[in-house]
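*Asks:* Sequence:
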Amino acid sequence: MNRKSMITFTTILFLCLLIGTACDNDISEIENQNFATAIGVDYRDGQFHVFIQMIGLGSVAKSEGGEKASPDIYVSETTGKTFIDAFFKAYHTAQEKILWAHVTAIVMSEDVLEKGMGSVFDGLTRYYEFRPTPWLFGTKESLVDILSTTGFFNQNSLNTILHSPESSYEQSSTIQPVKLNKFARGFFEPGRTTYIPSLTIDDTQWKKNKKSEAKLAIDGAFFLDNQKYKGYFPYEKLKGMRWLNPDTVRASLLLPNEKSPEFIAVLEDQMVKIQPEKQGGNFQFTIRYLANGVVSNRMKNDTTNVDAMEEFVKKGIITEVRQLYQLGLEHDIDFLNLEHQLYRKHHADWKKLKNQENLLQENSIKSIEAQITLEHSGSFKNRKIKINE
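Numbering (mature numbering (1 follows the signal peptide of the UniProt record, and there is no 0)), first residue to last: -24 to -1, 1 to 365.
Hints are computed from structural coordinates only; laboratory data are not their basis.
Quick caveat: nothing in here was measured; it's all calculated off a predicted structure.
Each residue gets a CB set at the ideal place from its N, CA and C atoms; glycine is no exception.
It is possible that some hints are incorrect.
Straight-line distance between alpha carbons at most 27 Å, and here's what the computed DSS-like set of lysine-lysine pairs gives [stated by the list, open to error]:
{"#": "1", "residue 1": "213", "residue 2": "191"}
{"#": "2", "residue 1": "235", "residue 2": "206"}
{"#": "3", "residue 1": "249", "residue 2": "327"}
{"#": "4", "residue 1": "330", "residue 2": "254"}
{"#": "5", "residue 1": "342", "residue 2": "290"}
{"#": "6", "residue 1": "184", "residue 2": "155"}
{"#": "7", "residue 1": "155", "residue 2": "116"}
Restraint-style ranges between C-beta atoms, simulated for each label pair [to be verified]:
{"#": "8", "residue 1": "308", "residue 2": "281", "range": "37 to 45 Å"}
{"#": "9", "residue 1": "98", "residue 2": "331", "range": "45 to 53 Å"}
{"#": "10", "residue 1": "258", "residue 2": "281", "range": "38 to 46 Å"}
{"#": "11", "residue 1": "347", "residue 2": "72", "range": "38 to 46 Å"}
{"#": "12", "residue 1": "58", "residue 2": "105", "range": "18 to 26 Å"}
{"#": "13", "residue 1": "64", "residue 2": "21", "range": "15 to 23 Å"}
{"#": "14", "residue 1": "105", "residue 2": "257", "range": "25 to 33 Å"}
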């Protein structure tokens, strides 16, 4: 055999070995893989209960006719003395390898938060395949029900608040959704109060063909301080949070009040600054709020000029922030994260005061200042509302 023939034979042999090796590898078709999309964790009767949501690709992709198939959502439940023990038991009936890189939501029951989420957090962040960016939620509802709730128009759970909460938040900013990595930064940072949005199931608002259809909703938040659970509060008591969050996109106020409304103001482009000032041995805080807004709807046309409207908005915002602060005093929760301002800006003083029982008092807020500019009336952006001045 000459040199040229030898090279040709060697090349063919190499290709055969390569093809044969590839065929023998444990490679499965993509539609046969198990894609985990959400994880739920509960704790009851001395055991961890782990729920895994999987969604079939057939309910995600469109069929040949251009329509999506009926949603296929599988939810498993396993139990164990530890979170990891319960977690690994899911492999016993998995049928195919479970891929974890597509998990985009984690839901924990209130019982897990009360017990302490340290072991759960540790288990979720140690495994390399998990991404650090899933959305984090708490719930008082059944985790099976939460993970099985579908979206509109025959869409699966991927098209719900569970997996995509940011779009609805941009339209109406109430309680900001939180990702795992962002929560972790606050959870382990001294002097900081963190929260986890609460998911519930609302089966009263929407109907499909005159029949009630359940949809997910964020109805409040669970709060933690110093890595300890502090309690759950509904959204109605937490309205002041949106004025303290620089990431608030769009929030509305019905003014002067809900009993005798005259107009709706929608606030955008807001800025907030909290400044601590030392007063003797303690600190007082000045809160400055700045925002632009529009008048979305006027129930009583031409009865209130823009200056009066802006004053109503200022009073409404200041009232909600003060109510939130008062709620925190009653439940020993620093909703406004005033202590964290001391930790960041007056660290030496914070170290001396951090163990003081009454670090925050009734008079800890020196003042709340708001500057509001209302520019136009709803979609009629060329019609200024300063017409009655």
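*Asks:* Would you mind marking each hint as holding or not holding in the structure?
*Replies:* Hint-by-hint comparison with the structure:
no., hint, verdict
1, 213 with 191, "22 Å, holds"
2, 235 with 206, "33 Å, violated"
3, 249 with 327, "23 Å, holds"
4, 330 with 254, "15 Å, holds"
5, 342 with 290, "17 Å, holds"
6, 184 with 155, "32 Å, violated"
7, 155 with 116, "19 Å, holds"
8, 308 with 281: 37 to 45 Å, "43 Å, holds"
9, 98 with 331: 45 to 53 Å, "27 Å, violated"
10, 258 with 281: 38 to 46 Å, "41 Å, holds"
11, 347 with 72: 38 to 46 Å, "58 Å, violated"
12, 58 with 105: 18 to 26 Å, "19 Å, holds"
13, 64 with 21: 15 to 23 Å, "20 Å, holds"
14, 105 with 257: 25 to 33 Å, "51 Å, violated"
In the structure shown, a violation is registered for the earlier hints numbered 2, 6, 9, 11, 14, in ascending order.
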